[in-house]
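Novice: Given chain B, work out where chain W should sit, using these hints.
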Amino acid sequence: GAVVSQHPSRVICKSGTSVKIECRSLDFQATTMFWYRQFPKQSLMLMATSNEGSKATYEQGVEKDKFLINHASLTLSTLTVASAHPEDSSFYICSASVPLTESSYNSPLHFGNGTRLTVT
Amino acid sequence: AQSVAQPEDQVNVAEGNPLTVKCTYSVSGNPYLFWYVQYPNRGLQFLLKYITGDNLVKGSYGFEAEFNKSQTSFHLKKPSALVSDSALYFCAVRRVNSGGYQKVTFGTGTKLQVIP
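Here the protein sequences come in this chain order: B and W. With my numbering, letter number 76 in the first sequence gets 76, and the count goes up by one each step, no holes. With my numbering, letter number 38 in the second sequence gets 38, and the count goes up by one each step, no holes.
Mixed in with the good hints there might be a few duds.
[Unchecked claim] Pairs of lysine-lysine residues, derived as DSSO-like cross-links and limited to a Cα-Cα distance of at most 30 Å, are as follows:
#1 B:66 to B:20
#2 W:22 to W:58
#3 B:14 to B:55
#4 B:20 to W:103
#5 W:103 to B:66
#6 W:103 to W:22
#7 B:66 to B:55
#8 W:103 to W:58
#9 B:41 to W:103
#10 W:111 to W:22
#11 W:77 to W:58
#12 B:55 to W:103
#13 W:49 to W:103
#14 W:103 to W:77
#15 W:77 to W:111
#16 W:49 to B:41
#17 B:64 to B:41
#18 W:77 to B:41
#19 W:22 to B:41
#20 W:69 to W:49
#21 W:111 to B:41
#22 W:58 to B:41
#23 W:69 to W:58
#24 W:77 to W:22
#25 W:111 to W:69
#26 B:20 to B:64
#27 B:55 to B:20
#28 B:64 to W:103
#29 W:111 to W:58
#30 B:66 to B:14
These aren't lab readings, by the way, just hints derived from the structure by calculation.
Okay, chain B solo, but in the shape it has when bound:
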């Protein structure tokens, strides 16, 4: 159980195009989804937190007009990289959380398999 599907797994695009990445929770409802960017030296950078039906909360330094996040339903969140440039090339990972109650505060996050974006 608790499967998160992220699509596509890899994408190569030309500079200036927009790329959409989907993150779906397949067998549970995810009230909160997180988007991360992973750099070559392995660290995970939280980009934004999205809650179903509301605007995403972006971390400091992340351009909300460039990285558009939509969490339209309890099972789907999308990240659109607008007008991608080579410096946006990276590994993007989403994760999803079940609704938290006092009894589930220690429930783990569930991660998608990531999307390798290469902008040429």
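Specialist: Structure of chain W alone, referenced to chain B:
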């Protein structure tokens, strides 16, 4: 504020030897602590979590972690390393506020290399 420190970028261990991957944390309130593993070009997989009252937590693939409140540590351990354990390991801490908003902070990751 909350933070997680993984002081070692890489840990090398011989196959069959015990391994330890270190993690220390800082968080207000009760700590909700986790370990995740990442294989190349994949997302993170849950390994284990801290449950209140059990200082030694057992998880997947023979891994365990020891919670030490006084040292604010949650080190990952395994009695006998396998070559297939070679991967990237992340420690994480979750904080939940009264409004149910959660923030999860990850350490910088430790690359485990098990040498045959």
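Novice: Now look at each hint and say whether the structure bears it out.
Specialist: We went through each hint and held it up to the structure:
For a cut-off of 30 Å, the pair hint linking residue 66 (chain B) to residue 20 (chain B) stands: about 12 Å separates their Cα positions. Taken as a hint, the residue 22 (chain W) and residue 58 (chain W) pair is honoured in the structure, with Cα atoms around 16 Å apart against an allowance of 30 Å. Restraint check for residue 14 (chain B) and residue 55 (chain B): the C-alpha separation of about 29 Å stays at or below 30 Å, so the hint holds. The straight-line distance between the Cα atoms of residue 20 (chain B) and residue 103 (chain W) is roughly 25 Å, inside the 30 Å bound, and the hint therefore holds.
About 23 Å separates the Cα atoms of residue 103 (chain W) and residue 66 (chain B), which keeps this hinted pair within 30 Å; it holds. About 22 Å separates the Cα atoms of residue 103 (chain W) and residue 22 (chain W), which keeps this hinted pair within 30 Å; it holds. Our distance criterion of 30 Å between C-alpha atoms is met by residue 66 (chain B) and residue 55 (chain B), whose separation comes to about 15 Å. Proposed proximity of residue 103 (chain W) and residue 58 (chain W) is supported: the alpha carbons are some 24 Å apart, at most 30 Å.
A distance of roughly 23 Å separates the Cα atoms of residue 41 (chain B) and residue 103 (chain W); the hinted pair therefore holds under the 30 Å criterion. At most 30 Å may separate the alpha-carbon atoms for a hinted pair to count; residue 111 (chain W) and residue 22 (chain W) meet this at roughly 11 Å. For a cut-off of 30 Å, the pair hint linking residue 77 (chain W) to residue 58 (chain W) stands: about 10 Å separates their Cα positions. Distance restraint check for residue 55 (chain B) and residue 103 (chain W): the Cα-Cα separation of roughly 16 Å lies within the 30 Å cut-off, and the hinted pair is therefore satisfied.
In summary, the hint linking residue 49 (chain W) to residue 103 (chain W) is supported, as the alpha carbons are separated by about 16 Å, within the 30 Å threshold. In summary, the hint linking residue 103 (chain W) to residue 77 (chain W) is supported, as the alpha carbons are separated by about 26 Å, within the 30 Å threshold. For the hint linking residue 77 (chain W) to residue 111 (chain W), the alpha-carbon distance of about 14 Å falls within 30 Å, and the restraint holds. Distance restraint check for residue 49 (chain W) and residue 41 (chain B): the Cα-Cα separation of roughly 25 Å lies within the 30 Å cut-off, and the hinted pair is therefore satisfied.
Taken as a hint, the residue 64 (chain B) and residue 41 (chain B) pair is honoured in the structure, with Cα atoms around 24 Å apart against an allowance of 30 Å. Proximity of residue 77 (chain W) to residue 41 (chain B) is assessed by CA-CA distance (about 23 Å); at most 30 Å being required, the pair is judged to hold. Restraint check for residue 22 (chain W) and residue 41 (chain B): the C-alpha separation of about 18 Å stays at or below 30 Å, so the hint holds. Only pairs whose Cα atoms come within 30 Å are accepted, and residue 69 (chain W) paired with residue 49 (chain W) is accepted, the gap being roughly 15 Å.
Between residue 111 (chain W) and residue 41 (chain B) the alpha-carbon distance is near 10 Å, which keeps this suggested pair within the 30 Å criterion. Simply put, residue 58 (chain W) and residue 41 (chain B) have alpha-carbon atoms about 29 Å apart, close enough for the 30 Å limit, and the pair holds. Restraint check for residue 69 (chain W) and residue 58 (chain W): satisfied, since their Cα atoms lie roughly 17 Å apart, inside the 30 Å limit. This hinted pair checks out: residue 77 (chain W) and residue 22 (chain W) have alpha carbons roughly 9 Å apart, not beyond 30 Å.
A hinted pair counts as satisfied when its Cα atoms are at most 30 Å apart, and residue 111 (chain W) with residue 69 (chain W) qualifies at roughly 25 Å. Between residue 20 (chain B) and residue 64 (chain B) the CA atoms are separated by roughly 14 Å; this keeps the pair inside 30 Å, and the hint holds. With a C-alpha separation of about 17 Å, the suggested pair residue 55 (chain B) and residue 20 (chain B) falls inside the 30 Å cut-off, and the hint holds. Of the pairs offered as hints, the one joining residue 64 (chain B) and residue 103 (chain W) holds, with about 19 Å between alpha carbons and a cut-off of 30 Å not exceeded.
Of the supplied pair hints, the one linking residue 111 (chain W) and residue 58 (chain W) holds, its CA atoms being roughly 21 Å apart against a limit of 30 Å. Our distance criterion of 30 Å between C-alpha atoms is met by residue 66 (chain B) and residue 14 (chain B), whose separation comes to about 16 Å.
Violated hints are absent here; each numbered hint is respected by the structure.
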